[in-house]
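These protein sequence lines map, in sequence, to chains L and X. Take the first sequence: its position 229, counted from the start at 1, is 229 in the working numbering, and no numbers get skipped. Add 1000 to a position in the second sequence, counting from 1, and you land on the number used in the working numbering.
Errors might be hidden in some of the hints.
Stated by the list, open to error - List time: in silico EDC-like cross-link candidates among lysine to aspartate or glutamate, alpha-carbon distance up to 16 Å:
#1 L/K230 - L/E194
#2 L/K72 - X/E1252
#3 L/K4 - X/E1252
#4 L/K241 - L/D86
#5 X/K1220 - X/E1180
#6 L/K96 - L/D239
#7 L/K83 - L/E56
#8 X/K1190 - X/D1243
#9 L/K72 - X/E1253
These aren't lab readings, by the way, just hints derived from the structure by calculation.
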Amino acid sequence: MRTKFVVIIMLQVLLLTGIIAYREYWVRTGEKIVLKTVPVDPRDIFRGDYVHLNYEITNLDLDKLKAKDTFKMNDKAYVSLIKSSDGTWRASSVSKTIPSGQCFIQGRAREQLADSLWEVTLRDKSGVIHKLSPRMFSIDLKGEELVFCREKDNAAPSFFVQRPSQRRSCDSGTAIAGIVEDIRETKYRRLNVEYGIESYFVEEGKGKAIEMMRNDQGLNVEVSLKKDGKGIITGLIIDGKKAVY
Amino acid sequence: MPLKEHITFYSRLKKELELWLQEGVITSEQRDKIILRYATVREADEKAGPGKLVTTISVLGSILVGVGFILFIASNWSEIPRWGKLFIIFSSMLVSYVVGFYMRYEKGNYPKVGAALVLLGSIIFGAGILLIAQIYHITVHYPNGPLMWGLGLLPLAYMLGLRSLLFLALMDFLIWLGMESWLRIPGYEKTIAFITLYLMAGVALWTTGLMHSGFRSLKKMAAPYLWTGVPVSFFCAYILTFDVFKAGLGAEELGPFYAGIMVLFAAALIIYLQSSGKEKHWMSETASLFAMMLFVLLLALFFHGGYGSAGPDKTFNIMTFTSNIIFAFAVIGILVLGYMRRLNAYINIGLLFFVLDVIARYFDYFWKLLPRSLFFIIGGGLLLSGGLFLERKRRKILSSFADREVEE
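All chains should be built: construct the whole structure from the sequences, respecting the hints.
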């Protein structure tokens, strides 16, 4: 019985060390890339001891990338990457098949949907023109008096219609009030992709500080890529310095 | 012989005596005479305190220490270097296992605390899997964590014959099933497909428990399957008594799970039917489980939502009605079976779901009909008197078991 017990316990130890060895090999031998994070909106209510990370490559404009494939939920998505001048990597194309001769990251499609990019031209009382990009808008709001609330973290601004009977102000952020002069809607196919590098586990209570950096767009993430394009986080880069590993 | 060994011998003797009595080797008078011979030992056993309490306290202690370990590492995440975290996990896991094994099997002086320490080792093993995932920020395919945990525990549970480990492993598998299927189920409107999936899993676990009870060597390990399978089955069947038949009950994406569960169910059923130690009234129990499994599988595969011929405007619809009838039969069935087999667990589960069903139907049918105040007064009154009645009935049934055991 003692021998059997020892064998089973050793198998458990082997399983744990196996997971560690596999991940460690991946971290050490993979190709290192740096990805830009973007603010998360809406903010994650259930965040605990981890930071939720969204990247520039989380939401892809399929039309801009000239993608031919249509993606269903859980389809594999191979995103080819090219290095920008600031050292971070951005998407150059996306397909369901492995691209050859390029650096790429593998993810899974969460959803593909028809979306719109909005550009609103607002003239305030002193005649100054503001260009704003809300997440959602309506073409019917042309000529209306609106108030936009611009947050510090550069998230898409929220807005409300200003009625003479009920004057309101922004709960937070800077208020920009004015008349909508022009609305430009650009329709596109948006693909939301999950890469498995969306969570960064930190000590209890420290997540908030990193989330602030993420929302101020001062946070990049170093990722190690395996040959099949799967990524693993190897560090956070804050103001050009690798801060945490 | 030291007193401790006397007590162990006495408790084993008591079990053996019951068996001999059932097999007609001895008469009840002879049994009483033998028990009388060990009166001093019995007194000592009674004074030493109930063994179940020791087990409960030790198991709770293990769980608390396990949670403490996880919290310690979580709240000192950045202070402890990576190798430090791994060292804590590996060393605490090995120490718990070795000390537990030594206490229970080598020295044998504290078998219950020893078993609890082995359980603690198993909890730390699981915590290790989850903490390694956190160290490497793994989010992709997280369900693999509970699956590996469960698979790692299964051989240990059977080798040591520890039901607590088996129970933990089965809970891991149920969690894995939920997490894995959540990744595959498309959209919230298919959420109800979880219920049918878990109902199938519950029935399969229940049948696996019966299969274990059919063999003398495996009989001891039947309980964890029944502890998980029976409540899960009843809970899911209870959900289906509500008005949930608007959406489809299955999802194409869950096909591999249905197939896996069916293989487990069929294998367990066939082996049970071949076994020699079938329980009393086994035929009605297995036939009901088979019918239930078939019915749920057909619903998952072919029912695509919508109401019956009564139309969506009517509150009455054929599917909800049928599921309520089946559920009522299941509750009566398990109560009768519990009474016939003298199984307290079956009776308690039957009574619990009987009460829940009465409450749910009361809300379904009388909420709109009565003024609110009257609704609560009548409802509260009914529940109180119902509670009194059930408590008396339950006590009567359970004490009748004890009386009969003494009479025999």
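Each hint tested on the structure:
Under the criterion of a C-alpha separation no larger than 16 Å, the hint pairing L/K230 with L/E194 is consistent with the structure, at around 11 Å. With a C-alpha separation of about 14 Å, the suggested pairing of L/K72 with X/E1252 holds against the 16 Å cut-off. The straight-line distance between the Cα atoms of L/K4 and X/E1252 is roughly 42 Å, outside the 16 Å bound, and the hint therefore fails. With a CA separation close to 13 Å, the supplied pair L/K241 and L/D86 stays within the 16 Å bound.
Under the criterion of a C-alpha separation no larger than 16 Å, the hint pairing X/K1220 with X/E1180 is inconsistent with the structure, at around 30 Å. For the given pair, L/K96 sits about 34 Å from L/D239 by alpha-carbon distance, which is inconsistent with the 16 Å threshold. For the proposed pair L/K83 and L/E56, the alpha carbon gap of about 13 Å is at most 16 Å, so the pair holds. Proximity of X/K1190 to X/D1243 is assessed by CA-CA distance (about 15 Å); at most 16 Å being required, the pair is judged to hold.
About 13 Å separates the Cα atoms of L/K72 and X/E1253, which keeps this hinted pair within 16 Å; it holds.
Hint check: violations occur at hints 3, 5, 6; the rest are consistent with the structure.
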